[in-house]
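*Asks:* Protein chains in written order, with my numbering: chain A, 1 to 267; chain B, 268 to 534; chain C, 535 to 892; chain D, 893 to 1193; chain E, 1194 to 1494.
These aren't lab readings, by the way, just hints derived from the structure by calculation. Some hints here could point you the wrong way.
[Claimed, not checked] In silico SDA-like links for lysine to any residue, alpha-carbon gap of 20 Å or less:
| no. | chain 1 | residue 1 | chain 2 | residue 2 |
| --- | --- | --- | --- | --- |
| 1 | C | Lys796 | C | Lys807 |
| 2 | A | Lys142 | B | Glu519 |
| 3 | A | Lys142 | B | His453 |
| 4 | C | Lys670 | C | Arg660 |
| 5 | C | Lys767 | D | Thr962 |
| 6 | B | Lys409 | A | Lys142 |
| 7 | D | Lys966 | E | Trp1348 |
Everything numeric in this text was worked out from a predicted model, so none of it was measured.
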Amino acid sequence: MTPALTTSADAAGADARGAAPAVRISHVHKSFGRAGAQTHVLDDITLDVAPGEFVTLLGASGCGKSTLLNLVAGLDRPTRGSIEVPGGRPALMFQEHALFPWLTAGRNIELALKLAGVPRPERRAEAERLLELVRLKGSYGKRVHELSGGMRQRVAMARALAQGSKVLLMDEPFAALDAITRDVLHDEITRIWAERQLSVLFVTHNVREAVRLAQRVVLLSSRPGRVAREWRIDLPQPRRIESAGVADLSIEITEELRGEIRRHGQH
Amino acid sequence: MTPALTTSADAAGADARGAAPAVRISHVHKSFGRAGAQTHVLDDITLDVAPGEFVTLLGASGCGKSTLLNLVAGLDRPTRGSIEVPGGRPALMFQEHALFPWLTAGRNIELALKLAGVPRPERRAEAERLLELVRLKGSYGKRVHELSGGMRQRVAMARALAQGSKVLLMDEPFAALDAITRDVLHDEITRIWAERQLSVLFVTHNVREAVRLAQRVVLLSSRPGRVAREWRIDLPQPRRIESAGVADLSIEITEELRGEIRRHGQH
Amino acid sequence: GYGSKAEGTSSGDANSTAAAGSSAAGGKLSADTVKIGYFANLTHGTALVGLQEGLFQKELDGTRIRTQVFNAGPAEIEALNAGSIDIGWIGPSPAINGYTKSDGKSLKIIGGSASGGVKLVVNPDRISSLDDLRGKKIATPQLGNTQDVALLNYLAGKGYKVDASSGAGDVSVVRTDNKVTPDAYKQGSVDGAWVPEPTASKLVTLGAKVLLDEKDVWPDKKFVITNIIVSQKFLREHSDVVEAVLRGSVDTNAFIKANPDKAKADANEAIRKESGNALEPAVLDPAWADIDFLDDPLAGTLQAEADHAVTAGLLKLPRSSSAGAGANLNGIYDLTLLNKVLAAKGQGPVADAGLGTR
Amino acid sequence: MASTDTTPFLDKREAAADTADVGAGLDALDSVSAQRSSLGEVLRQKALPPLIGVLVVIALWQGAYSLHLTSSYKLPSPADVWHSAQDLWYQGTLFSIIWTSVWRGLSGFLLAVVIGTPIGLVVARVRPVRTAIGPVLQGLQSLPSVAWVPAAVIWLGINDSMMYAVILLGAVPSIANGLVAGIDQVPPLFLRAGRTIGATGLAGARHVLIPAALPGYLAGLKQGWAFSWRSLMAAELVASSPDLGLGLGRYLENQREFSDMSGVLLGIVLILFVGIAIELLVFTPVERRVLRNRGLLAAVK
Amino acid sequence: MASTDTTPFLDKREAAADTADVGAGLDALDSVSAQRSSLGEVLRQKALPPLIGVLVVIALWQGAYSLHLTSSYKLPSPADVWHSAQDLWYQGTLFSIIWTSVWRGLSGFLLAVVIGTPIGLVVARVRPVRTAIGPVLQGLQSLPSVAWVPAAVIWLGINDSMMYAVILLGAVPSIANGLVAGIDQVPPLFLRAGRTIGATGLAGARHVLIPAALPGYLAGLKQGWAFSWRSLMAAELVASSPDLGLGLGRYLENQREFSDMSGVLLGIVLILFVGIAIELLVFTPVERRVLRNRGLLAAVK
Ligand SMILES: Nc1ncnc2c1ncn2[C@@H]1O[C@H](COP(=O)(O)OP(=O)(O)OP(=O)(O)O)[C@@H](O)[C@H]1O
Ligand SMILES: Nc1ncnc2c1ncn2[C@@H]1O[C@H](COP(=O)(O)OP(=O)(O)OP(=O)(O)O)[C@@H](O)[C@H]1O
Ligand SMILES: [Mg+2]
Ligand SMILES: [Mg+2]
């Protein structure tokens, strides 16, 4: 165990000891639709993210992960329960890239920088730096429709990072990336997380990715979404996605996920 | 080796022996942008898909996979070279779901059925069947914005299947799915492919998925995209994504991909 | 080249401004400017000729004239109510409406300007005599305007039944804008028209025939077609200016009588300046000849017209004065200034038919 | 920190960031994701605001009148206008006046839709046609209807076909332009998706192009209705004939001719009333359905 | 099978599937993804079609005239109209007539944009305001400008402010409605993305809402311009005064009064010409830029 890991593992238990968590989700329910035909999507979710903690969310397709992230970002209100983000507006990277098509890749990032209060002269350089970080050096002037799917995801990630927020919510950020690019970005995100002491809530379908990155993996069940199980990952960072430790835990979690899905029936 | 595999392996070599391939891509070049500032995306791609063959395309993010699929689907014209699809309009499943937001999930599928000439009375039942196939029984009446990311992908897949085309082009169809759902759909797509004798050109970033599904894996290099290497997969179907055979070949291919990316430099 | 046929000193307003500048040294009346409204139309000949000849400016001395040209009575009344004009030449119908609808507060008729100039012209192929009107379509300029009321009254006198508000009946009364009437006539949508000049003469050039001159249905062959009105506020505050304008008007009418051809040319020139086109002689000559320019407002005919309108149900009495029968136009005239001017010229006074200032 | 959601935190920061009140107001309303509500609630939310709007206008008007801001013949009181309306009511002409115009306007509008839609489709999708007649369409749109009236009368006479010609010349370009604008905004992804599933040619127009362009097309239709209605008013001003009946535009002009300001105001109010009624009865429901079905209504809430 | 692309295959099937020729035409044009082209090419593609359009219209017109389809006072020849234009040219009033109207129209339009934009923003985003005045805006839009003229004249007199009042009453609702329609079509994802990066309140309007709604807003602006121009023409009809100058609407009306058909046609042609010139010089380039930047132009090609 590295010292860093110990610290954040402590932080993860912070709420029990009274320190303020970075994100506090308590007894959150969420349903959609009108009174008669409601879909209950989230059911009594209670989950804290400690300051500086990296939490990954796993769950079957349609179990409510994106919904939960939207709630935390304040884009929607829980039907019941409360969500607190004391550190201010979290940065959210959407599952769909959500880049503004009327701006170039670089300008999308600069807009986030501007709204985060970065003074004008620094913005351009900072945007270029962020683009290089996501391996898109030279794509500053490209329009959104000129980018490939994976490139859009990476620009969106750069934009999320540009906000300089302490809390980072990411919804399947690496789904459209090839293995190699993804590995590189895993390293980058781990580095940035440690450097900036970010609190991260990260949704993915890739169980190995979840284990590779997280200090804690949370598995949601489906219909309605509940916290099914949590794992604290004590493997030392930097980890490798192919390493045996990651693989073993991944198999365990996948089994659990399979069990969850089986339990909740098909549709 | 199963008999089916042998057949399609034969078919894969069909062009050499004069039989018509399902898709013939010969010496295709594609560049974007105006005369001065062109980006060369594809460079002299030659690739055939034999009737009944399942080919997966791998390559770094932004290497031109989606561009190639668009060309085959006839949505864009190659700058040079020719593409032939003698069997008629291929079904294309886009990287972005591309469902029509003014129709429900079920109606999206029914529209494809209608345009494929399925008579009205059968459409509804057929649409329900396809939805069940992608594990979305009961989502017939949902609007696109009411579906989760993974659900949209699955509806889009159902829509592509509804076209009843002999040639199926799929662009990262399972990127937003959890491991378990994806495994189920792997089985389904393999079954349908065998049943309907489809010719499939399938883009993915998941190397294991590529090996799990394909008879042939094609690796594209980046900038410009060229066919870097091909693998014929002779493992018997049905395969399991966790199986050792798949894992071994995946590691080999990943290494090659890594090499490709290294060779072509960063941006 | 561009502008090679532009006029030397350009338009009349520039003229009048220049004139005002040069005579600014002279004695001034109580107002710096007087805003005069009229139509670029032959029935407003007094205003056209008087302005063209500078006869108003002469009387007004240092007071500047600003002109405003309208093409419809209601707009002119609205402008008068808004204070955009002070004095205007206008037909009897809008004057009556403006007066009654404001409960007698907005305007006064201070003089007459023209009589006559209205004819019933018809398509000779379809109507050959006054007895052929049944079932035909006759155009008038506007529901409830002077010509419309006159036609309805005439038809009623001949025993035809026509519903005044819709125009349906033994004779169809089609209300069309004067500008469109020739088009409608050419197209065959109307068989005749009871219209003022120059539309009547215009229709004649298109092959129509004059069936009746409205003069013939009036005693003395006279009826008012144009009045001079003033906003009551302006009349109160600047009666000297109003008087000067009236002097100009009387002079102009005298000038027209003395030099009919010069006056006709002046009027046509004024129309050309205002709208860019002059009337062709075929329209101008008969039209001009049919209009009498006189100072007498022919108050009796105004009352008669109003009564016809009330009979036809096209004029309602203002709510406040709906006491008696007949149109109550009491106080619409204020002819004191006109009579003063006429007296100064040694002419007899004109009558207000009992409709003078109370 | 016992808030039930995150908004308070956000709001504080936002308010600090840009102090404009309007902004804050806009924003506060952004974040409300209203729940579906009961009938009483719906009535209160939908019927009350317009009613209040109307009452406020009438109150201001009455106030201006009572304070004698100007003479009563320039600004009659609401009661005067009401009396004018009563007169029409007792004469039994109120509905026939409204109906004459509404019927003509609506049928002209529908005709314009039938003609304008294919024109819009072709202009939007066929490049040479677009360069050739796109600007002409826009030019036609900015040509006042009255300009057509003499030509229409000469060619068609004073009758209903003249009125329809003027309506069509006003509304068709507007509807076509609206459709063009709507189509221009369709994400190409939908068109490509349509083509791959075989929606090409007319099937493509029907199943993909028009539904995808629907929100913009609807906006065009609304403007087209406005143009139809306005053109009709212009046409009615020019001529009235027993065959044509008395419409609203004619009524307004007659009142104007009589310098009857309360009649003029009644005419304005009636025309406004018809415009608003058509909006509320025809366009608003269609629009809400279209937007809700596409999940775009969130933006309005 | 030596084709350079897949289109021939597809076309055959499509043609079989729906036999409509228009459809096939639409479709064939769908699939052409034109390459950027040289200046000569551009001129040929952009300048030629409108020119041909104009020439065809003139040829038809001359043909109708020469065949004596109708009497020449109903339909003057193009040459007659040309002579009228020459008259204006030699009198040196041509440009001043056009300029008087264009200047007034443009400045009124800009004012309308400045006023209409915030109204549109608020109506689109604030629910109660929308229910309260949304329908009123639409109603106002369908109120013919001429209806305002009496009121505007009485309140403001005959001067430029009356003209501007009439223009604003015509154009502001149209622009506001265009913006509302544009905003309604903005995918909520963009708004949410904007909010998460901190673009809320006015910053949100400026950086997200307006740019996202731009294509629809532009369509609204085009319609707003049409309304401005038409309202101006209506206002010019009412009265002329040396202070107001002679504008196109007035010119047209004067020609009408004289039943001078070639003058009327010249007026129509000039008004059309201005409409088209504004479209080509102002809106088309802006629109193309906006669409191209968003990758929407593919739809047009
Ligand atoms: N606006 C909405 N209206 C109705 N139902 C909705 C809405 N948004 C989401 N849902 C439903 O909520 C459930 C959860 O959706 P969500 O997008 O949160 O899933 P997810 O866990 O992110 O799935 P995925 O991994 O596929 O992205 C789904 O069943 C979806 O149908
Ligand atoms: N319309 C366009 N204009 C300019 N460049 C384009 C356009 N479309 C694609 N490109 C460029 O072509 C390259 C290949 O894009 P493509 O979408 O085919 O990649 P991809 O292999 O599908 O990547 P990913 O796996 O990230 O989806 C990218 O560099 C992209 O920037
Ligand atoms: Mg999701
Ligand atoms: Mg791609």
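*Asks:* Evaluate each hint against the coordinates.
*Replies:* Cross-check of the supplied hints:
Between Lys796(C) and Lys807(C), the direct Cα distance comes to roughly 16 Å. Compliance with the 20 Å bound is thereby established for this hinted pair. Straight-line distance between C-alpha atoms of Lys142(A) and Glu519(B) comes to about 34 Å, which puts the hinted pair past the 20 Å bound. A threshold of 20 Å between alpha carbons decides the hint, and for Lys142(A) with His453(B) the separation of about 35 Å lies outside it, so the pair is violated. Straight-line distance between C-alpha atoms of Lys670(C) and Arg660(C) comes to about 8 Å, which keeps the hinted pair within the 20 Å bound.
Distance check on the hinted pair: Lys767(C) and Thr962(D) sit about 14 Å apart at the alpha-carbon level, within 20 Å; holds. Between the alpha carbons of Lys409(B) and Lys142(A) the distance comes to roughly 35 Å, so the proposed pair goes past 20 Å and is violated. A threshold of 20 Å between alpha carbons decides the hint, and for Lys966(D) with Trp1348(E) the separation of about 8 Å falls inside it, so the pair holds.
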